[in-house]
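The numbers in our numbering rise by one with no breaks, and the one at position 239 of the sequence shown is 241.
Everything labelled a hint here was simulated from the structure, so no lab data went into it. Among the hints, erroneous ones may be present.
Label pairs and their in silico Cβ distance ranges [as the list claims (entries may be wrong)]: (1) P36 <-> D114: 28 to 38 Å; (2) P36 <-> K267: 28 to 38 Å; (3) F75 <-> S104: 47 to 57 Å; (4) T228 <-> T37: 36 to 46 Å; (5) T164 <-> P36: 34 to 44 Å.
Backbone N, C-alpha and C fix where the C-beta goes; we use that ideal spot for every residue, glycine too.
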Amino acid sequence: MFTQVSGALMRTAMVFSLVLLPALILPSHALLDPTFIFLLALFFSVFIFFEYSADAPILIEFRDARPYNRLRFLCVAVILLGETAIVNLGNNGGVASQLLYSFGALTFYLLDFGISPLQMMSNFLTMGNSNMAPEIIKAAVGFVFLSSFISVAVFAVILRITEWPSHCRMLNLWVNLPTFEATIGTNPLRRLDKIARINFFLGGLLPFMLPMVSILGLKHFDVSFTLSLHSTVWVIALWGIIPTIYILRGLVLERLTEIMVANSKRHLGGLVSETSASSI
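Sequences and hints are given; from them, build the entire structure.
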């Protein structure tokens with residue numbers, strides 16, 4: 003119990019720091035309301051504490067999936083830290099910020115085509131950032147996309163090389179998938195596979211749909227808006243993080259489905275062998 007609570011406290015502190023990270027780097031005049039930022043960080047950290055300190059979570063999935071959780075947290079941290087450094091380049095142009103800017107700008111240049119999600123996101127942000135150079139926006143968008151792509155690729159390699167989670171104890175579906183009702187329907191494996199495919203679909207579609215719907219909505223309702231540096235960081239970050247989490251979740255569900263299908267076939271093969279032996 004003590005280990006579980008201490009682990010929950012550690013995760014709470016990490017999430018609290020992660021939400022505050024952009025506010026600690028950006029200049030004070032570019033921030034959102036400090037009270038709102040603090041309350042937002044407090045809300046997420048308290049939610050994480052109660053979910054991880056309970057015997058079984060209510061909403062958080064894959065609580066025991068360490069590779070998935072660690073990579074997901076690292077992905078979000080890298081995106082927020084790197085993107086904030088790029089957006090803050092005009093105020094603190096260090097060597098690291100320049101290097102991250104170069105990576106982001108190169109990624110945007112290589113993927114800048116007619117229906118590119120990077121171009122659509124850049125166009126949307128340019129509409130609400132009259133005080134920010136378009137080159138900075140493009141570099142930040144490119145860096146977030148590159149970080150998301152690398153995270154997905156690294157996790158896919160980890161799943162294949164380590165054969166997680168087959169090398170350790172099997173994950174408890176009740177604990178790690180609290181919102182999944184295995185008793186509903188006749189074939190839970192088929193449902194898991196279907197959910198995995200839906201996650202892949204959303205992960206590939208959302209980078210296009212989020213900026214497209216936003217641009218069309220603003221033009222249709224003739225609405226103008228202005229984003230601060232702090233708001234811009236979170237808008238770009240969520241544009242990259244949400245699809246990435248969907249794809250990572252799809253990879254985990256697909257992997258679990260493969261293992262469960264293999265175990266079912268192995269169990270069925272054992273029953274057939276026992277039946278054949280008893281008949282002889």
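Going down the list of hints, with the structure as the test:
1. P36 <-> D114: 28 to 38 Å: 36 Å, holds
2. P36 <-> K267: 28 to 38 Å: Distance hint for P36, K267 is violated at roughly 57 Å.
3. F75 <-> S104: 47 to 57 Å: 26 Å, violated
4. T228 <-> T37: 36 to 46 Å: At roughly 21 Å between Cβ atoms, T37 and T228 fall outside 36 to 46 Å, so the hint is violated.
5. T164 <-> P36: 34 to 44 Å: At roughly 42 Å between Cβ atoms, P36 and T164 fall inside 34 to 44 Å, so the hint holds.
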